[in-house]
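There are 2 protein chains.
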Amino acid sequence: MVKIAVLKETAAGETRVAASPETVKKFIALGASVSVESGAGLLASVSDAEYEAMGASVGASPAVLKDADIILGVQGPDPKALKGFAPGAWLVAGLDPFGQRARVDEYAKAGVEALAMEFMPRITRAQSMDILSSQSNLAGYKAVIEAASIYGRAFPMMMTAAGTVSAAKAFIMGVGVAGLQAIATARRLGAQVSATDVRSATKEQIESLGAKAIFVENVAGIEGEGAGGYATEMSDEYKAAQAELVSSHIAKQDIVITTALIPGRPAPRLISDAQIASMKPGSVIFDLAVAQGGNVEGSKPDEVVVKHGVKIIGYANTPAHLAADTSALFSRNLFNFLSAFWDKEAGEPVLPDDDEITAAIRLTKDGKVVNERLLA
Amino acid sequence: MVKIAVLKETAAGETRVAASPETVKKFIALGASVSVESGAGLLASVSDAEYEAMGASVGASPAVLKDADIILGVQGPDPKALKGFAPGAWLVAGLDPFGQRARVDEYAKAGVEALAMEFMPRITRAQSMDILSSQSNLAGYKAVIEAASIYGRAFPMMMTAAGTVSAAKAFIMGVGVAGLQAIATARRLGAQVSATDVRSATKEQIESLGAKAIFVENVAGIEGEGAGGYATEMSDEYKAAQAELVSSHIAKQDIVITTALIPGRPAPRLISDAQIASMKPGSVIFDLAVAQGGNVEGSKPDEVVVKHGVKIIGYANTPAHLAADTSALFSRNLFNFLSAFWDKEAGEPVLPDDDEITAAIRLTKDGKVVNERLLA
Numbered sequence: 007m008v009k010i011a012v013l014k015e016t017a018a019g020e021t022r023v024a025a026s027p028e029t030v031k032k033f034i035a036l037g038a039s040v041s042v043e044s045g046a047g048l049l050a051s052v053s054d055a056e057y058e059a060m061g062a063s064v065g066a067s068p069a070v071l072k073d074a075d076i077i078l079g080v081q082g083p084d085p086k087a088l089k090g091f092a093p094g095a096w097l098v099a100g101l102d103p104f105g106q107r108a109r110v111d112e113y114a115k116a117g118v119e120a121l122a123m124e125f126m127p128r129i130t131r132a133q134s135m136d137i138l139s140s141q142s143n144l145a146g147y148k149a150v151i152e153a154a155s156i157y158g159r160a161f162p163m164m165m166t167a168a169g170t171v172s173a174a175k176a177f178i179m180g181v182g183v184a185g186l187q188a189i190a191t192a193r194r195l196g197a198q199v200s201a202t203d204v205r206s207a208t209k210e211q212i213e214s215l216g217a218k219a220i221f222v223e224n225v226a227g228i229e230g231e232g233a234g235g236y237a238t239e240m241s242d243e244y245k246a247a248q249a250e251l252v253s254s255h256i257a258k259q260d261i262v263i264t265t266a267l268i269p270g271r272p273a274p275r276l277i278s279d280a281q282i283a284s285m286k287p288g289s290v291i292f293d294l295a296v297a298q299g300g301n302v303e304g305s306k307p308d309e310v311v312v313k314h315g316v317k318i319i320g321y322a323n324t325p326a327h328l329a330a331d332t333s334a335l336f337s338r339n340l341f342n343f344l345s346a347f348w349d350k351e352a353g354e355p356v357l358p359d360d361d362e363i364t365a366a367i368r369l370t371k372d373g374k375v376v377n378e379r380l381l382a
Numbered sequence: 007m008v009k010i011a012v013l014k015e016t017a018a019g020e021t022r023v024a025a026s027p028e029t030v031k032k033f034i035a036l037g038a039s040v041s042v043e044s045g046a047g048l049l050a051s052v053s054d055a056e057y058e059a060m061g062a063s064v065g066a067s068p069a070v071l072k073d074a075d076i077i078l079g080v081q082g083p084d085p086k087a088l089k090g091f092a093p094g095a096w097l098v099a100g101l102d103p104f105g106q107r108a109r110v111d112e113y114a115k116a117g118v119e120a121l122a123m124e125f126m127p128r129i130t131r132a133q134s135m136d137i138l139s140s141q142s143n144l145a146g147y148k149a150v151i152e153a154a155s156i157y158g159r160a161f162p163m164m165m166t167a168a169g170t171v172s173a174a175k176a177f178i179m180g181v182g183v184a185g186l187q188a189i190a191t192a193r194r195l196g197a198q199v200s201a202t203d204v205r206s207a208t209k210e211q212i213e214s215l216g217a218k219a220i221f222v223e224n225v226a227g228i229e230g231e232g233a234g235g236y237a238t239e240m241s242d243e244y245k246a247a248q249a250e251l252v253s254s255h256i257a258k259q260d261i262v263i264t265t266a267l268i269p270g271r272p273a274p275r276l277i278s279d280a281q282i283a284s285m286k287p288g289s290v291i292f293d294l295a296v297a298q299g300g301n302v303e304g305s306k307p308d309e310v311v312v313k314h315g316v317k318i319i320g321y322a323n324t325p326a327h328l329a330a331d332t333s334a335l336f337s338r339n340l341f342n343f344l345s346a347f348w349d350k351e352a353g354e355p356v357l358p359d360d361d362e363i364t365a366a367i368r369l370t371k372d373g374k375v376v377n378e379r380l381l382a
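Protein chains in written order, with the numbering used here: chain A, 7 to 382; chain B, 7 to 382.
This is chain A alone, in the form it adopts within the complex (with noise of 0.2 Å):
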């Protein structure tokens, strides 16, 4: 029987939890066992005895790793704490494989067969694997909350009887699914919003959720689709027209949410000091990339920063702001990607090396660094 493990996370900050008590139940419906290091799931609102109610066993670290096939993890774990799985045991988790590079050796040379949930490829069959999707739209959503909460005014317009309160004016900088969810909270919430993107697919995007699309047009440049679907680098003429139409649209702005990551690199910088002091006081930007080196110049971490009267915010770690939900699509990108690969006759997943995921998010395999995007 295939034992998959559940361990309790350990990085700084993180909430999440990698298997709910409904993935637990089905993993253990298709014929697995599963153990979960005590205390896992507390600051995901899940107690051990609801794992134990759906049939886990819950232990300490070296109980639920020993002879383990399969170890899943929100992030990845230190290679050190590793020990007493099965030999060539997968582990699935978010592992950051670009920032992290010389744990990846380390699993390697651990022995365990490193699968980067990140690295899911964006087609059809893995979108309900998707951990950036899922996390992303949670991200998206906590952005525009945080965003009302610290700014000194309401998002609706409201009409009372002592007269007029004005809607804010929300500006949403990237429109992939952390931005289009951002739109959506944005527009529930009553605020006037725009948005933009270097995808000039996405205006449509935008405008379907009633938002108006800020779009630099007639540049050469300007089409920014990268592999995947992903966002790539734009053209330098791109990128001034670009930030001269921030310019003049941001100086109106309430409320800005930036969105812009690129894979593997640091984030694209798309507000400049400059361009803060054009706001008014007591505007609040939110920076969904700060922990990747920030789109805003000066944003800091789960700091608040205030420049010219403007209140900058991000967290390291959005999705650990919302563990009960984030940890609860999490978990079922997990099992939605193993159930898929599940072998009934050998009772546990199988990953065929001709599979594009496979070659996708494989990082490590009998104890080498195999994945093309970090051998490159």
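Rather than coming from a laboratory, the hints here were simulated on the basis of the structure. Be careful, since some hints might not be right.
It does not matter which identical chain is meant; a pair holds if it fits inside one copy or across any two.
To be verified - Straight-line distance between alpha carbons at most 30 Å, and here's what the computed DSS-like set of lysine-lysine pairs gives:
1) K371 - K218
2) K32 - K72
3) K14 - K317
4) K14 - K86
5) K286 - K258
6) K14 - K286
7) K115 - K245
8) K286 - K31
9) K89 - K14
10) K31 - K258
11) K317 - K306
12) K374 - K209
13) K306 - K72
14) K317 - K31
15) K258 - K14
16) K258 - K32
17) K14 - K313
18) K286 - K32
Treat the numbers as computed from the prediction; the structure is a model and nothing was measured.
Chain A is already provided as a structure; the job is to place chain B on it using the hints.
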């Protein structure tokens, strides 16, 4: 020329200001001069320069108060700080007459005519002067935003590739102005909203906002509407039935917002410790009445109290957390009041002794306390 003085608030945690650039401009258009204490608007995002641009003089407190005919405040100033004003000057502010009863005597002795804006009668022509209503409106909004901020899950139902996130269940207790805005805001954010009140007339209002009305029925003493549309105290039978209804309903809620206040008395207890214990861990209660003794057992102003895994929050001064908007509306309330009584020939406002509003709000005159509610 009548001189209006705008003081910088001195109460702990108070961030609002009693005049906005907009109302300063309007007072001057009526023929008044306006003098603003330096820094008075700073925490509400209004600079001295903005007041000056509208024609106000800005200076230190003694110069601002010197020969002032009307003194505007959000809260009542320290009577000792009131010096140099014109004899019989009006003090127009939220004076907390029951909570600060001793101060009212001091205002009388100091020779000001103290006008308590929270005693404004709930009549049609005074709606635009009603600070309780304008401030409660934004407080109701803020309560939901803060509950959403501290809650570990999202409010709206989300259909994602990794499955569905359920909508939060929010329950609003007390459907006055704050409660209605709380319902509207929680609905905007996508929560599944229910609400209750002691006044059965609110049932239709709750339902018109798309929320579910939770009412004790067929119990004597249910009709709790007192003078002026405010709630009064209920019969014991009603109280018992309400507690039972709440106990069963509340156990299923993720978010509870309590808003019940009875003027001049401690806030009624709506939620007991046992009822908190019946809620799911991770749930959030926002007690809007926390500064008046609290609707929720164990709630503390400006603290996150965790009981049975439930987070209980509430601000000592909720409107102060949305100072830009609340100040703008508060300022309009004061302007609407003064301008309604403006005597163009006299060049100043005149309060007829036989006016319903005069009788309601006037606390002191000619060195004496004259208000019926304080003398009763």
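Against the structure, the hints come out as follows:
1. K371 - K218: neither (48 Å within a copy, 56 Å between copies)
2. K32 - K72: within (22 Å within a copy, 76 Å between copies)
3. K14 - K317: between (34 Å within a copy, 23 Å between copies)
4. K14 - K86: This pair counts as within: shortest intra-copy Cα distance 15 Å, inter-copy 59 Å.
5. K286 - K258: Within one copy, since 7 Å is at most 30 Å while 42 Å is not.
6. K14 - K286: Between. Shortest inter-copy distance 22 Å satisfies the 30 Å Cα cut-off; intra-copy 44 Å does not.
7. K115 - K245: The answer is neither: 43 Å in one copy and 68 Å across copies each exceed 30 Å.
8. K286 - K31: The answer is between: 21 Å across copies meets 30 Å, while 52 Å in one copy does not.
9. K89 - K14: So K89 and K14 pass the 30 Å test inside one copy only (15 Å; across, 64 Å).
10. K31 - K258: between (51 Å within a copy, 23 Å between copies)
11. K317 - K306: both (11 Å within a copy, 28 Å between copies)
12. K374 - K209: So K374 and K209 fail the 30 Å test inside a copy (43 Å) and across (67 Å) alike.
13. K306 - K72: This pair counts as neither: shortest intra-copy Cα distance 40 Å, inter-copy 47 Å.
14. K317 - K31: between (44 Å within a copy, 29 Å between copies)
15. K258 - K14: between (45 Å within a copy, 29 Å between copies)
16. K258 - K32: Between copies only: 25 Å across, 50 Å inside.
17. K14 - K313: between (38 Å within a copy, 24 Å between copies)
18. K286 - K32: between (51 Å within a copy, 23 Å between copies)
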